[in-house]
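Using the sequences and the hints given, assemble the complete structure.
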Amino acid sequence: MNAIHVLINKEVSDHIRSWRFIILIVLIVLTFTASLYVSASNLKSAVGNMQDPDQTFLYLKLLTTTDNSIPPFHIFLNFLAPLLAIALGFDSINSEQNGGTLTRLIAQPIYRDNLLFAKFSGPLIIVATLFTSLVLLMLGGGLLLTGVRIEIQELFRILGFVIISIIYVGFWLALAVLLSICFKQPATSALTAIGIWLFFTVFFPIVVNLVIRSVLPHPNFLAEESLVRYNELILNILRLSPGQLYTDATTVLLSPSVRSLGPITMEQMVGAIPAPLSLRNSILIVWPQVSSLLAATMVCFAISYYVFMRREIRQ
Amino acid sequence: MNYPIIELKELSKNYGSLKAVDNLNLTINKGEIFGLLGPNGAGKTTSILMMLGLTEPSHGTAIVCSENSTRNPIRVKRKVGYLPDNVGFYNHMTAIENLIFIARLNDISYNEAANRALEVLKRVGLTHASHKKTGTFSRGMKQRLGLAEVLIKKPEILILDEPTLGIDPSGVNEFLNLLKQLSREEGLTVLLSSHHLHQVQRICDRIGIFVGGRLLVEGSIQELTSELLGNNGYTTSIQLQEAHPTPQQLKNTIEALPSVARVNIHELDIEISTTENITPQIVRKLVEEGAAIGSVNQKTYNLDDIYEKYFENTPSHSLNDSKNKISKKRINERSN
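Chains as they are written, first to last, in the numbering used here: chain A, 1 to 315; chain B, 1 to 336.
Calculated directly from the structure, the hints in this document are not laboratory data.
Any given hint could turn out to be false.
Computed, partial: chain B to chain A, Cβ under 8 Å [to be verified]:
| # | residue |
| --- | --- |
| 1 | Leu49 |
| 2 | Leu54 |
| 3 | Ile74 |
| 4 | Lys77 |
| 5 | Asn86 |
| 6 | Val87 |
| 7 | Gly88 |
| 8 | Phe101 |
| 9 | Asn106 |
The C-beta atom is built at its ideal place from N, Cα and C for all residues, glycine as well.
Rendered as structure tokens:
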């Protein structure tokens, strides 16, 4: 067993035993149960709704149906996942430095990037395990309760949803680790991370809206063509927010009938039969979203690497 | 036994315009206990970090265990145990868990690590606390656990940064004895940084005095004292019972004696610097002059004087090069 495994082992066991993680896991499990309960009680009407092209996908319905009292699980995750990642990563480097353990650690014959990678992958392994087991529990419970066979397409869509959620957590985790390198005080890095998260979930849409309203012409005076173009532009600006990317990606994966993330003109709709897309087509639609999330994660990690590798570490 | 294990050549580190370490040349032989002595902020820690490859030198090379520390830090760190000042442990883990974790980072198997952990805990006298969480440890215990952690990888060199800081006197004694024993029994090379001269003096074979990023002198304590004493001559201080009526005349009389360099009379105290030991002649002369002598002391130089001489004046202006040997001229300049 080499150094990186020892480091990851330690990270994972540290997190699992920590109060912080227990609180987070309770939070996630409660949200999951609540949204599942709501969707289970509305499942009958959702599956029986002949207007809906997705009605045959029972397990996707189980994840997405809601009576509007609470949002479905993937919307919840949109803002819970960053919180989870920030809570697990905000003090990864600076608490070691303040505790005097970082100097000791890097005086051992290990590469520094191993340490960084362990700090990133430890929490990610835990989150991945948590999400996968929750979703598998849901599938098993659904099988037991309804007795309906799961379609292979559904299974892959749900697995895809789990993978995208893990990538999304990975992005926030990389950001939190980066901030924990940049700031000496854990409180500062936590606040900054939460600030960024709040900005993207709450203020970013508002700011974009304000700017758009003052800059772009009124939609009533626009030709249809330019309206579509402007709409596309607004959506693309909104997609600068990782939360938007995540919502786009999961919505498409979990609702097979969603054909496009942008506006569709009447010409494009002519002759289209409202039917679910194949898995391949859905993945093609979300591919840009997934790769942008991955790219953002990489960028955060690369900056952390750059900042941390040659830094002099002392108390 | 007598080959260099740490070789620093023209090592320098600049932080912007500040020279933290300036042209450091130092050789430490295997099996030696070397004390790096200097006030806070003298550049001791920076030098140590460069030896371990934890920071890059601006100029010069550090060769440790015949490896270049800047290029091959991993290989150096395999052979060097480093105990930083203000050492910290994972508070939620027990002493033995902390040790095993570090041992496993050094590619030691779990069973071997557990055995060694027990062994080193016994060695530093912490067996009773091996299953206690380190969060409850006192400063002295942490320091000893730090030593245990350094020893668990069986290093060739121990580098200890201010290891005695914050431990009570009896703890310091124990710690230093342990170090000495380790060095003698296992042939470990020890590099110790400190600003406590008396502690360093007790166990170090050689010391280097480090001020303002420069190594001012280097040598065994005997060498340093004899150099200082040899250059500075003798000082006789005399206390009078009552003030002499004509102090100026008294001063002139003493100055007339052979080999007297300097005379200071301040009310009841007379201090005379001479190049040779002529205390009896001085006393005889004073008695002839009718001085009422209360006591006579011949001053010898001890380590405190060495320490003060080098530490009190920062060298930036008065020194133009940092030689490894005591320069006679320099000491004379400083004492006058």
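Hints versus structure:
1. Leu49: Holds - the Cβ of B:Leu49 comes within 8 Å of chain A, reaching about 7 Å at its closest.
2. Leu54: Holds. Min distance 6 Å.
3. Ile74: Where the cut-off is 8 Å and the nearest Cβ of chain A is about 5 Å from B:Ile74, the hint holds.
4. Lys77: With Cβ-Cβ at 4 Å, under 8 Å, it holds.
5. Asn86: Given a least distance of 5 Å, the restraint on B:Asn86 holds.
6. Val87: With a closest approach of 6 Å, the B:Val87 hint holds.
7. Gly88: holds (3 Å)
8. Phe101: Hint on B:Phe101: holds, closest Cβ of chain A at ~6 Å, below 8 Å.
9. Asn106: Holds: closest Cβ of chain A sits about 6 Å from B:Asn106, inside 8 Å.
Hint check: no violations occur; every hint is consistent with the structure.
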